[in-house]
Each structure stands twice: as C-alpha cells, then as structure tokens.
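2 protein chains.
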Amino acid sequence: MMFNELMEAVRRELPVKRWEHTLGVMQSAKELAHKYGADPDKAELAGLLHDFCKYWPTERQRLVILESELPNELLNYDKPLWHAPVGAYVVSQEFGIKDEDVLNAIRYHTSGRVGMTLLEKVVCLADYIEPGRVYPEVETIRLLAETSLEKPLIAGFDSTIHYLLTKGEKIYPLTLLSRNALIDEIRDRRMNR
Amino acid sequence: MMFNELMEAVRRELPVKRWEHTLGVMQSAKELAHKYGADPDKAELAGLLHDFCKYWPTERQRLVILESELPNELLNYDKPLWHAPVGAYVVSQEFGIKDEDVLNAIRYHTSGRVGMTLLEKVVCLADYIEPGRVYPEVETIRLLAETSLEKPLIAGFDSTIHYLLTKGEKIYPLTLLSRNALIDEIRDRRMNR
Numbered sequence: 001m002m003f004n005e006l007m008e009a010v011r012r013e014l015p016v017k018r019w020e021h022t023l024g025v026m027q028s029a030k031e032l033a034h035k036y037g038a039d040p041d042k043a044e045l046a047g048l049l050h051d052f053c054k055y056w057p058t059e060r061q062r063l064v065i066l067e068s069e070l071p072n073e074l075l076n077y078d079k080p081l082w083h084a085p086v087g088a089y090v091v092s093q094e095f096g097i098k099d100e101d102v103l104n105a106i107r108y109h110t111s112g113r114v115g116m117t118l119l120e121k122v123v124c125l126a127d128y129i130e131p132g133r134v135y136p137e138v139e140t141i142r143l144l145a146e147t148s149l150e151k152p153l154i155a156g157f158d159s160t161i162h163y164l165l166t167k168g169e170k171i172y173p174l175t176l177l178s179r180n181a182l183i184d185e186i187r188d189r190r191m192n193r
Numbered sequence: 001m002m003f004n005e006l007m008e009a010v011r012r013e014l015p016v017k018r019w020e021h022t023l024g025v026m027q028s029a030k031e032l033a034h035k036y037g038a039d040p041d042k043a044e045l046a047g048l049l050h051d052f053c054k055y056w057p058t059e060r061q062r063l064v065i066l067e068s069e070l071p072n073e074l075l076n077y078d079k080p081l082w083h084a085p086v087g088a089y090v091v092s093q094e095f096g097i098k099d100e101d102v103l104n105a106i107r108y109h110t111s112g113r114v115g116m117t118l119l120e121k122v123v124c125l126a127d128y129i130e131p132g133r134v135y136p137e138v139e140t141i142r143l144l145a146e147t148s149l150e151k152p153l154i155a156g157f158d159s160t161i162h163y164l165l166t167k168g169e170k171i172y173p174l175t176l177l178s179r180n181a182l183i184d185e186i187r188d189r190r191m192n193r
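Protein sequence lines correspond, in order, to chains A and B.
Residue numbers for the first sequence, in my numbering: 1 to 193.
Residue numbers for the second sequence, in my numbering: 1 to 193.
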C-alpha cells in the first residue's frame, strides 16, 4: 500500500477534527525526529497511524482486546486508554506494519512506558504538542520541547495526571511509571556527566 | 511490655513534634475506629507505632531493608517511603507485635495498598487528619471523614500526588494503585445498591 493510500485509509476512520490532529502529529513527530535523531519516516508513519482506532465503537475495541493477545486488564481502565494498544494490533494485521518500534510508538503513545525508545518519546510528545493542541500547559511543554525530549514528556504526563486527579478519574499506572522512569533518566544522565 | 512502657519506647525515638503527631494519630485512629467499626485498641496501637522508625538515619533504614525480607525495590524511591515497611518489620521483631492487621496498618500507612482493610484505612486516614496536621487540603479531608472512610483517603492520596507533581518528585506506584482501588470500591458499592 502506498503512503497516500494509507493516509486515505486513516482519514476515513476519523472525524475531520481528529484527522487535522493526526496531520499535526505527523508534522510534529517528523520535526522532533529530525531534531533529536530518530527516524523521520518512522515518526511520520507512527504519527499517521497513532489514532487509527480512536473512534471505533467501544464494543469493537473491546472485542479486539478480548480476541487478541492484549492484556484484559486494559478493560479495567477508561476507554481512552484502549485505542493505542488496539490500534497497534489492528494496523499490524490490516496494513502489515511489522516494524516493532513503529508499533510500540503507536502502542504507548498515550501512556508511555518504562524504557521508552527515542521514537516512542518523539511520537508521544508530538501528540502532546502538535500545532492544533490547546490546553493550559501546552505552551510550557512546547517550550521545553525545544531543548529536551524527556522534560516536556514529564510535563505532559504531569498535566494528564493532574487533569485526572481533578476529575476524580483513575490514573493508568503506566503513565505514572513512565513519568518516574523519565525523572530517573534525567537524574542518571546528570550524575554521569 | 505494658502499653505505657511501649509509649515510652516510642517517645524516645521521636522528636517532640513528631511525638505530638503520634499522639494525634492515636487519638484520631481510635475515634475513626469507633465511628467506622474497626477495633479501637488495634487502631490506637498501630497509631502509636506507625512512625517508629521515621527518624532513624537513612543508613540504618537501608540496612533493615537489605537484611529483612522487604522488597529492595523500595530503595529506588524516596526515603520518606521507607519508614512504614521498615517500622512494621522492626516493631514485630523488637516488641513481638504479631497481629498482621496491626502490622499491615503500619506497613501501608503512607502508601495504602490495593484492598486495604478497615484498620488500614483508619490508620492511614488518621495520619492525614490528626488535629496537628496543617496543609491546604486538610479541612476538606476532615470534612469528608465525617461521612466516609474512602472519599477522604482518595482526597488524601490526591493531595500527596499533587504535592509530588509540583515538586517534580517521583510518585510511589502503590499510592496511585491504592487511590484507583478506592475509586473502584466506591463505584462498585454504588452499583450494588
């Protein structure tokens, strides 16, 4: 499948506003990849596919979780967390995407994980700062992204955790573990200097 | 050992201010136990012992972690998290405390855990609201404690997580898991009504 056919396939799955967000993530991911030494083509591809299943009905996503090797524990958390692992699984099956780094960048774009690769960081951060994003901390996070990949990601996870705290919603443990791991990463780097 | 001898043994380990806090936790834990149907004597005992090792030097606490069956993973987190499990281990050895519920109330008084017992909730909450406590959310939490054990605990964990977010410090995963589990507990109870 050509890249523009893939784009068309994704566009059909998304409302216009989310398609514009996807184009923003592709652009930001490519820029961040250039800046921080990740593969720009993989970053753009992961950006294109990251929300592929976001607007699938709950039941369709639930079925993928139950019928794939995805952890059923996911079902205990809110639906917005499902589409990332579900999406990674579906695009591997449907479009034959086999690059594990691209699939992981899709799989962990919402929560991050402990030991994120360069590409995973780039896509996750692009999702927080693409040009269309509007939320209280976004300008600070964009500013941090000019000199670091880890600091703006920590600030991004902080904003997510803070939002869920104020809403009284459950926080996905992986989000917290990713944040803790990035804090360690920065500390370790500072100590090894 | 008589209870007043035990009190004297604890008093000797603590600075005056922390001893006053301990007396406050004993009182609040006893009151909460009466109110919510936990054992008031166990609540008072756990309150007395909960901070037994809090002022032990870092190295002494580290040694207990390394030489006991406590998870070494604790050492990756900030020192304020050590004294609870360290204290539970030390008071079981030193004073022959064998009641597992009392020991768990000491062990989990900082972080909570998934599936907290009534006594664990009482002691953890008493630590958040004893009369000497002063922090922004304390009055709200005291108010919530008049009608629920779980809601004020969630608010307490929220205040801890929020504080650590603003300080850029790591958050102990168990704190988050405890908070999530209490949210589930309240939801499940509401649905079963």
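Do not take every clue at face value.
Since the list gives no way to pick one copy over another, a pair counts as held whenever it fits inside one copy or between any two copies.
Using 30 Å as the maximum straight-line C-alpha spacing, the simulated DSSO-like pairs for lysine-lysine come out as follows [said to hold, decoys possible]: (1) K35 with K98; (2) K79 with K151; (3) K98 with K167; (4) K98 with K42; (5) K42 with K167; (6) K79 with K35; (7) K35 with K167; (8) K35 with K170; (9) K98 with K170; (10) K42 with K151; (11) K17 with K79; (12) K170 with K151.
It is worth saying that the hints were derived from the structure and are not from the lab.
| message | To test your reading of the hints: which numbers does this structure violate? | response | 3, 5, 6 and 9
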